[in-house]
Amino acid sequence: MIFALKTHFNKYSYFYLWFSIFFYILFFSALNIFKYLNYGYSSLDLGIISQVFFNSANGNLFASSIHSPTYLGDHFSPILLFLLPFYTIYKHPLTLCVMQNIVLALSTFPIFLISKKYFSPIASLGISLAWLLNPTLQNMSMFEFSFLAFAIPFLLFAFYFYKKNNFLLFLVCIACALLAREDVALYVFMFAVLSLIEKKGIIWIVTPFVVAIGYFFSAMSVINSFRSGGGYKFFVYYAWLGETPFEIIQNIFLHPLIILFHFFNIPNIEMILGLLLPFAFLPILCPKYLLLAIPSYLQIFFLASHPGIIVLKTHYGALFLPPLFISFIYSLKKLKKIKNTPGPKTQFISLFIKEPLGIIILIIASIYGSITIGPIAGTIVKNIINRDAYAISEKKFLLNKIPSHAPIASSYDFLPQLSSREQLYSMHYFYLGQKQLSNTPYALPEDTQYLLINFSDFISYELQYKNNPVYQENYYFGDNRINERIKKDDFGIVEIFDDIALYKKNYNSNIFLYSIIDNNTKISNPKNTQFGFGLTLLGYNSSGLSFYPTTIKRKGLPLADIFPRLSDDCHSEANGRRIPRQFALYCGILHSVQDDTRELTDSLGSGVRVIPIELFWKVNQKIETNYFISIHLKNNAGKNVYEKIYSLGYGIFPTHEWKTINIIQTNYWPYIPGSVSAGEYSIYLNVFEIEDGNVFFDSDLSTKNYVTKKRILGESVLLEKIKF
Numbered sequence: 085m086i087f088a089l090k091t092h093f094n095k096y097s098y099f100y101l102w103f104s105i106f107f108y109i110l111f112f113s114a115l116n117i118f119k120y121l122n123y124g125y126s127s128l129d130l131g132i133i134s135q136v137f138f139n140s141a142n143g144n145l146f147a148s149s150i151h152s153p154t155y156l157g158d159h160f161s162p163i164l165l166f167l168l169p170f171y172t173i174y175k176h177p178l179t180l181c182v183m184q185n186i187v188l189a190l191s192t193f194p195i196f197l198i199s200k201k202y203f204s205p206i207a208s209l210g211i212s213l214a215w216l217l218n219p220t221l222q223n224m225s226m227f228e229f230s231f232l233a234f235a236i237p238f239l240l241f242a243f244y245f246y247k248k249n250n251f252l253l254f255l256v257c258i259a260c261a262l263l264a265r266e267d268v269a270l271y272v273f274m275f276a277v278l279s280l281i282e283k284k285g286i287i288w289i290v291t292p293f294v295v296a297i298g299y300f301f302s303a304m305s306v307i308n309s310f311r312s313g314g315g316y317k318f319f320v321y322y323a324w325l326g327e328t329p330f331e332i333i334q335n336i337f338l339h340p341l342i343i344l345f346h347f348f349n350i351p352n353i354e355m356i357l358g359l360l361l362p363f364a365f366l367p368i369l370c371p372k373y374l375l376l377a378i379p380s381y382l383q384i385f386f387l388a389s390h391p392g393i394i395v396l397k398t399h400y401g402a403l404f405l406p407p408l409f410i411s412f413i414y415s416l417k418k419l420k421k422i423k424n425t426p427g428p429k430t431q432f433i434s435l436f437i438k439e440p441l442g443i444i445i446l447i448i449a450s451i452y453g454s455i456t457i458g459p460i461a462g463t464i465v466k467n468i469i470n471r472d473a474y475a476i477s478e479k480k481f482l483l484n485k486i487p488s489h490a491p492i493a494s495s496y497d498f499l500p501q502l503s504s505r506e507q508l509y510s511m512h513y514f515y516l517g518q519k520q521l522s523n524t525p526y527a528l529p530e531d532t533q534y535l536l537i538n539f540s541d542f543i544s545y546e547l548q549y550k551n552n553p554v555y556q557e558n559y560y561f562g563d564n565r566i567n568e569r570i571k572k573d574d575f576g577i578v579e580i581f582d583d584i585a586l587y588k589k590n591y592n593s594n595i596f597l598y599s600i601i602d603n604n605t606k607i608s609n610p611k612n613t614q615f616g617f618g619l620t621l622l623g624y625n626s627s628g629l630s631f632y633p634t635t636i637k638r639k640g641l642p643l644a645d646i647f648p649r650l651s652d653d654c655h656s657e658a659n660g661r662r663i664p665r666q667f668a669l670y671c672g673i674l675h676s677v678q679d680d681t682r683e684l685t686d687s688l689g690s691g692v693r694v695i696p697i698e699l700f701w702k703v704n705q706k707i708e709t710n711y712f713i714s715i716h717l718k719n720n721a722g723k724n725v726y727e728k729i730y731s732l733g734y735g736i737f738p739t740h741e742w743k744t745i746n747i748i749q750t751n752y753w754p755y756i757p758g759s760v761s762a763g764e765y766s767i768y769l770n771v772f773e774i775e776d777g778n779v780f781f782d783s784d785l786s787t788k789n790y791v792t793k794k795r796i797l798g799e800s801v802l803l804e805k806i807k808f
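Counting with this note's numbering, you get residues 85 to 808 for the letters of the sequence shown.
Simulated restraints on C-beta separations:
(1) E530 with F99: 53 to 63 Å
(2) I393 with S477: 31 to 41 Å
(3) I353 with N142: 42 to 52 Å
(4) F107 with S477: 24 to 34 Å
(5) L369 with I447: 18 to 28 Å
(6) I336 with T744: 49 to 59 Å
(7) F481 with K417: 54 to 64 Å
Below 25 Å or equal to it, Euclidean Cα-Cα: the simulated SDA-like pairs (lysine to any residue) are:
(8) K718 with T792
(9) K572 with S593
(10) K589 with Q507
(11) K794 with D782
Hint data in this document are derived by calculation from the structure and do not stem from the laboratory.
For each residue, glycine too, the CB sits at the ideal point set by N, CA and C.
Make the full structure from the sequences, and use the hints.
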């Protein structure tokens with residue numbers, strides 16, 4: 085039976101190869117769609133590059149308003165011109181994701197050809213499947229978009245023709261690879277080194293050397309000419325070694341101990357182990373071909389802050405994969421030559437290489453790496469199994485309020501959806517008032533008509549920029565920049581969902597995130613709870629609801645006429661119950677529907693879980709830092725089942741701006757996601773300072789705020805007991 089299977093797979097190896105390639109493209113494109121529909125692309129790259137494609141397709145080549153005026157000030161990627169015809173078939177960010185999946189999957193073919201020179205078709209097929217199962221490759225498919233992906237198949241074919249001594253096709257392949265990005269030239273340069281070691285002809289040594297050096301400096305010249313202020317902005321990552329390239333190289337050799345200590349750090353070791361794990365560490369048996377990865381490794385290694393496992397999760401691992409697989413193949417070739425000598429090791433190697441079980445072991449190792457480091461399970465769980473249909477529909481509702489060509493500044497997670505327009509800006513640059521990796525000031529363009537703000541980004545700013553020496557000074561004035569612009573252009577909130585607000589220029593709104601009030605304001609639920617020495621919670625107003633049905637009807641009145649006292653004009657059509665006065669805030673603000681009925685249904689179909697809360701604060705003494713609140717639900721057993729962090733004052737009126745003479749009202753509309761099962765819960769409020777944390781990847785490679793250390797101020801406050 086084993087013989088029959090071997091014969092079958094050997095005979096139909098090409099069929100299974102192309103079937104696997106086709107399946108990879110379909111499968112990961114489907115995951116891309118689910119992630120996109122769940123607003124999971126929140127790391128800038130897809131939004132930036134999608135807009136560059138959109139502008140280029142409309143005749144404004146390489147134009148970018150996020151990194152204004154042109155993408156050529158970031159990277160030199162002329163391959164865009166060759167990809168543009170495919171993008172114009174369907175102008176959408178997902179088109180880029182599909183194209184990326186295609187080139188990553190097609191890279192399997194040169195892997196198969198390289199393997200087939202030394203192994204049987206079935207063994208070569210197994211190695212090719214290991215490529216498709218590699219977690220770094222899969223992470224590239226799921227993390228944003230990068231032109232580096234398009235260099236990979238050409239670099240693999242370049243090596244194939246290098247071994248075949250076909251110089252012309254080798255030259256064509258390295259030329260195509262260079263079109264992807266300027267730093268591919270460093271990889272091509274190593275072909276000259278490899279040719280020297282393997283004693284190839286002079287043309288194999290000189291040509292990649294000259295082509296790589298010439299192309300690299302030409303590309304850098306183009307980038308310098310298009311970048312405001314000149315220079316290559318990414319050199320700032322290496323500023324700890326010196327101000328100029330010469331100083332950097334000089335300090336590397338003058339201070340070897342510093343470099344040595346930089347090498348032996350946990351993130352660096354994590355990265356190396358993570359790259360080698362899917363190969364069972366076999367590439368180290370043939371280190372010669374790992375030389376091709378040396379420039380890519382040095383790029384990462386000499387960064388001031390080592391990214392560690394981030395390399396495995398993003399496109400930073402792109403240029404590591406071809407050398408790793410090439411070394412892997414040649415390591416297997418070396419093992420195959422070992423003579424049969426007594427001892428379990430030799431017997432294991434013999435089994436590993438010669439029998440189908442050996443291929444199965446390889447594939448299982450790759451699957452293990454895919455599960456532990458790859459994105460598949462996390463993406464399926466978050467974006468399919470735990471998909472929150474109601475939250476998604478509300479985000480789409482906000483986007484539908486924005487005209488298709490209106491200039492807008494947006495938070496991270498909406499940039500891809502808004503990228504098919506000429507004027508798109510990122511809120512984080514507006515907040516910082518500083519261009520990327522530069523001291524050049526950034527001012528939000530005057531033509532901006534809308535702001536779409538996810539206020540959880542302000543927690544990201546706290547985690548990323550507060551203690552970052554590059555951005556620290558500008559970080560502390562970010563709230564003032566945004567407030568001044570909101571007042572100057574009379575931006576008003578059109579709609580709000582949880583902590584996501586859509587602002588419109590010159591819009592008279594009745595929705596307020598915060599306000600400074602007088603002492604006569606009625607507080608339904610007084611508390612007088614002190615948090616630290618600086619802040620007192622005077623009390624809160626809430627809807628007091630336990631649950632409300634899914635259909636709410638408005639009676640054709642303008643929102644401005646009925647907000648915030650809506651109880652006489654809003655009723656539950658599901659059972660005729662009158663909605664209490666306090667609940668009017670929910671009906672009026674969250675769903676300002678004109679003359680129609682909207683179904684307000686969460687992913688469980690049980691009803692909407694939004695709980696309006698007005699919090700009243702008194703400042704006892706000057707607060708020097710930013711305070712945050714967490715609203716969390718506990719079940720009857722006292723177990724915490726859900727928690728969400730909000731900035732006090734939403735980050736645009738942070739506590740370090742609060743004055744002791746004032747009473748401040750902050751309004752929140754917490755949404756309880758559908759993943760929280762129906763039942764009875766108690767809502768608690770905590771106040772705290774963030775002491776440590778970071779922005780890192782969620783299970784689907786979207787970004788997520790991780791607060792790892794916080795200083796709790798005072799006791800938890802019970803706000804409401806609810807049932808839904």
